[in-house]
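> For this one, chain A is given, so just place chains B, C and D with the ligands on it according to the hints.
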Amino acid sequence: MTNLTLLQAVTDGLRTAMRADPSVLVFGEDVGRKGGVFLATEGLQAEFGPERCFDTPLSEDGIVGTAIGMAMNGLRPVAEIQFQDFIFPAFDQLVSEAAKLRYRSGGQYSAPLVIRTPYGGGIRGGLYHSQSGEAYFCHTPGLKVVVPSTPHDAKGLLLAAIRDPDPVVFLEPKALYRTVKGEVPAGDYTVPLSTLREVRAGGDVTVFCYGAMVPVCAAAAETAATAGTECRVIDLRTLLPLDEEGVVEAAKRTGRVVIVHEAPRFGGLAGEISAIIAENAIEYLEAPIKRVTGFDTPFPNTLEHHYLPDERRVLDAIELVAGY
Amino acid sequence: MTNLTLLQAVTDGLRTAMRADPSVLVFGEDVGRKGGVFLATEGLQAEFGPERCFDTPLSEDGIVGTAIGMAMNGLRPVAEIQFQDFIFPAFDQLVSEAAKLRYRSGGQYSAPLVIRTPYGGGIRGGLYHSQSGEAYFCHTPGLKVVVPSTPHDAKGLLLAAIRDPDPVVFLEPKALYRTVKGEVPAGDYTVPLSTLREVRAGGDVTVFCYGAMVPVCAAAAETAATAGTECRVIDLRTLLPLDEEGVVEAAKRTGRVVIVHEAPRFGGLAGEISAIIAENAIEYLEAPIKRVTGFDTPFPNTLEHHYLPDERRVLDAIELVAGY
Amino acid sequence: MTGKEAIEEPLTVIAPDGGVNGHDPGLSPEELRRCYRTMLTVRAFDETCLKLQRSGRIGFSIPNEGVEATQVGAASALRRTDWVFPSYRDFGIALHLGVPLVEMMHNMFGNGLDNARGRQMSVHFTFLDPVHFVSISSPIGTQIPQAVGAAFAARSRGEDTVVLTSFGDGGTSSLGFHSGLNFAGVWKAPVIFLCQNNGWAISCPASEQTASTSYAAKAVAYGLPGVVVDGNDLLAVRAAVVEAVERARAGGGPTLVEVRTYRMGGHSTSDDPRRYVPAEELARWRARDPLARFEKFLAAQGLWTPGEGEAMRAEARRDVAQAARLAERAVSPALETLFTDVYAEVPAHLRAQGRYLFDLAARRGDAVAGGGEFPL
Amino acid sequence: MTGKEAIEEPLTVIAPDGGVNGHDPGLSPEELRRCYRTMLTVRAFDETCLKLQRSGRIGFSIPNEGVEATQVGAASALRRTDWVFPSYRDFGIALHLGVPLVEMMHNMFGNGLDNARGRQMSVHFTFLDPVHFVSISSPIGTQIPQAVGAAFAARSRGEDTVVLTSFGDGGTSSLGFHSGLNFAGVWKAPVIFLCQNNGWAISCPASEQTASTSYAAKAVAYGLPGVVVDGNDLLAVRAAVVEAVERARAGGGPTLVEVRTYRMGGHSTSDDPRRYVPAEELARWRARDPLARFEKFLAAQGLWTPGEGEAMRAEARRDVAQAARLAERAVSPALETLFTDVYAEVPAHLRAQGRYLFDLAARRGDAVAGGGEFPL
Ligand SMILES: Cc1ncc(C[n+]2csc(CCOP(=O)(O)OP(=O)(O)O)c2C)c(N)n1
Ligand SMILES: Cc1ncc(C[n+]2csc(CCOP(=O)(O)OP(=O)(O)O)c2C)c(N)n1
Ligand SMILES: [Mg+2]
Ligand SMILES: [Mg+2]
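Chains as they are written, first to last, in our numbering: chain A, 1 to 324; chain B, 1001 to 1324; chain C, 2001 to 2376; chain D, 3001 to 3376.
This is chain A alone, in the form it adopts within the complex (with noise of 0.2 Å):
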């Protein structure tokens, strides 16, 4: 057990699954001789050399598209898109190609990538480094989409996900890269996907959230708390394939929903949440499910920090479904 920050949580996944696997390799803008702009590959290149940690062009296409042909024949490619912002101008090769590569092939081919990418505000980025577009890897069957929140989380779910046999998008909170500190173990562990975290126990109100919202919303639970109601904080970390029973289940408990992320509401991921609570709980539901999330509107700048969901504004969620 060491205590690293998430962004050291995540280079130590990278070292570890590089130092367990030759196949494994990490490129992308800048991974190289920079060690990322987040620091978050620094070092590897220094000890697994230029063949095995390298800088690419400037294409974010030819990043990924490179990265499937590599997985394709044997490698198992971790690839970082410096922004996730940046991701669109890949988006055919990870919606057209990563994603559909095993079903059309009858399985002959498959993907086994990652591609990680920094995601969310907090960072006075404005329009373009800022955003979460877990939504739109989410309405793409074919993908797998992992969300961390600790550091434990950040290196657990890295290593799973680099052994997964499915392509990954592996969206990493910029926001808590050295903000939340956290107990590592110093080896090599996985942690499954597909699997929700209780980050807090709670009868009255079960509150969904992922990524940098998670302490956002764990905040909240306490000071909901000190006013008499208790909140059951859940991580989903997977958001793609979701646990949709765990997430059905936890609804029922209590009965009273709220639903938190960064990305803009409409079309967003809570949506998607909610419907499926709709339509396999709804019997139980004692109050709206509500959604705490960004407005629909680009990303400011100055004003970032009126647009990003607060305690304030998940507090306000919480209240209002408990006293509903």
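For the record, the hints were derived by calculation from the structure and aren't laboratory data.
Among the clues, some could well be false.
[As the list claims (entries may be wrong)] Between beta-carbon pairs, the in silico distance windows are:
| # | chain 1 | residue 1 | chain 2 | residue 2 | range |
| --- | --- | --- | --- | --- | --- |
| 1 | C | Val-2368 | D | Ala-3348 | 38 to 44 Å |
| 2 | B | Glu-1283 | D | Asp-3129 | 53 to 59 Å |
| 3 | C | Arg-2325 | B | Lys-1181 | 37 to 43 Å |
| 4 | C | Val-2368 | A | Thr-195 | 38 to 44 Å |
Computed from a prediction, not measured in an experiment: that's the story for all the values here.
All C-beta atoms, glycine included, are put in the ideal place defined by N, C-alpha and C.
Quick look at chains B, C and D with the ligands alone, frame taken from chain A:
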């Protein structure tokens, strides 16, 4: 009034717009000489010349990127993407540029363009000629998303879209191109965006649908009526910005809701509709909110009729919520 | 000093009279006759599939008429251990590398024996052996950077495998062309980029696809050698691809080979090229038929007589017809195949959707196939 | 016959001693001094923004040190009726075309007077007049096809407007470069593609960006003329861009101009180039400082003395400091700006979200700004 197919109504709309406004131009792959692979642009190059209706090189990124520049500089481009499945190479231009230009420039610049593209299944087109990607566009603030289901709406909504000051993704249900006919006013008219259409009146169950699912739902509603269940069928027509008040009001009227689309369920638009209702009309609900959608897989070929929601599946959902 | 220059004078080997003045194709008489036989099968396959499509027994096909020499000439330069990232108009490459006809017909009918389980449109083949002929997808150009990645992987293991990826003149405008050739240049990846300039991208003439003086010239932008070849001359295509393959195997990096040929049929069986192809242009190319050209060569070598040709053609037709009969009789894909192969393991939500579908069929009967037609 | 060739021998005008042997820059003494003055202001802006960022008063800035001659030389070739589709390292282009310093500072502070309402990161400028300096976005290369579309539109109205779009060496690998240059070639659009090869794409050296012998050589792939210019030589850049502009105005179509210069600062104020830039490389380029080069030229023309230079530099610093003071005092953007300009009219759902936010603030107080730092 003339009796036209939905495809003819689209062509009529384009012709009407080009005659009324010299700044309107039509381009894309194979829209000139050939008149489009579905012949939606047939005759336009002959009438308006190769300056206003022409083919482009094979690059959706180039088509949408240049369309944005044209729109910024006073033209009204109506670009065709041959199949919606092939829009992904242009996803960055649509999501990062067209959708955000007005916002990021404080209104100094905008991109009043229309991207027309055929979507959906029913032609044995397999994975890449059958997809329904509306949810990707609906989760993108700054875009408008329109889907007609009748010849009258196809022309009227297209004219409204072309004259709209914001970028519109105009999704044409290819399965209906030649299978539905209807009365279409000969002249110039528009159908306002962000308005719902009541396809059928009924007080027992509310069915929300759009595009090629509208006739399927209408047929299921007729069958249900013979068994005494009267459905109110609502054609959403504009998915973004959606008339949310209209949706909530329609859900409240019956308290029993079915939502239907071809796209995969997970992260699909039905989830958003369901969540809007669960957030604003929970106490009116007398049954689970049922979704009838494509499965969470790539689009098949030989078995596509098992994948697509059909009257059977819609009826099954109607009876379930009606009898709940 | 100027940028690397591409050779734009088309390479030709077989003269109109069939002579090759001393050129050694590096193939035995048997192998030469096998090349011819493959071209005949490709053409027979075209004819049969057109009939099957017209009679509504298959939905769609892609004509190869006119590009047989390109396909077979290129395939003849590869080993079965090499990888191919093809486009949808590369039937002859798979065939010449040993893929059984009947496997292709299973795909054309989208039946239960199809490697892709009938999930893809016809002509979207996928084969793992005898050669890696990688699952074809419809989006243009996406296979190009994938080929570069597969080549990178092979070299990282010290293999001398090369990867050939094929695309059309229209494909050069795709994202994948730009990223794929650029990455390959920087990585010196063992890839052969086969650009099949067949004159048209559906209805867009090659002349409107780009202002570049040739497609081969685009190699300059990536620091690669680029060559132009007469694509109706099997031996010229073979020679150019052999040279590119040898360079790649020797660690010399990628090559862009522009093959000048012509799509004598429509874009697909649903396309009517008379709407846009000038009749005289078609006639000009018909006069340059790649099969007739190769027959002249074989005759000059004493390896072909009209009688033998007829016999082989009849045999090819029989093989194709036989494969079609088998494929048409095969079972349809099982309902389960709607939910398998999305992931390595079927996840809970897809198991649930499968149960729902079976239960629904039990309660309300099966879904009925619609009548939609593919426009292109 | 070979593909069009790019001229890769860098064009130079100002000799080390400041001589231009007879070259006529086509600028009056006043205009020449104004070019110099703009370069001084660009440098002063850099210094001030670095201080502001270090002291946490602005979040982020992009150094222009080293590329001033490129920016001003290119801008000097344009009319205010022309359009610019810039990248984030084109500050001097806007400045030289007449955009007031204070407007740029409003953007740096993201305040309520910023044209973009503080919605964008700093240096993501947008101006409508005195010149169309089109709203900068972060994604690399997206502006390139947009520039081509805008040029198409201008020509469709018979205007002789030209469009200049600027991007870096890294930008040549983007999708937009490929589609933009290809469409421009086919359309013969009046566009100048200004590729600023400044040696680095963040930490990726230009040599690893492509295997092409030059960036100008990439013009060959699109049938355009391509030239290489010494980017630290204002008159050389101006001469090359003037030629490209004249060609475009005359209907001769687009040109790719590769400017060889150097990013003497880091990628941004958050970047530490010492992690990857070889010290001797930086030193080599410092010795080629574009301002010193232009001073030599002006001195040779009798238009500059060290004293005048110092006075102008001090004046430039004062102007920048003054603009910063004004901008820092300006109001923050209003809360409503979160919901306006998403669409021409605020739709119902955004009005509702706005009401919710105001009501929330009333009930529970305002949101508090977080402390996140931009890494790059
Ligand atoms: C990204 C994308 N856009 C559009 C299409 C539709 N389409 C299918 S084939 C084709 C033309 C391809 O021409 P070319 O690359 O020359 O290949 P050819 O058919 O001539 O062999 C087009 C536009 C597609 N499949 N993918
Ligand atoms: C599509 C995309 N990918 C990645 C980035 C992150 N990024 C910002 S600047 C930059 C390097 C750009 O280099 P270059 O084009 O040479 O311009 P320069 O900064 O040298 O002026 C990168 C990779 C981005 N902004 N957009
Ligand atoms: Mg072609
Ligand atoms: Mg650079």
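> Compare the structure with each hint and give your call.
Each hint tested on the structure:
{"no.": "1", "hint": "C:Val-2368 - D:Ala-3348: 38 to 44 Å", "result": "holds, 41 Å"}
{"no.": "2", "hint": "B:Glu-1283 - D:Asp-3129: 53 to 59 Å", "result": "holds, 55 Å"}
{"no.": "3", "hint": "C:Arg-2325 - B:Lys-1181: 37 to 43 Å", "result": "holds, 40 Å"}
{"no.": "4", "hint": "C:Val-2368 - A:Thr-195: 38 to 44 Å", "result": "holds, 40 Å"}
Checked against the numbered hints above, the structure violates none of them.
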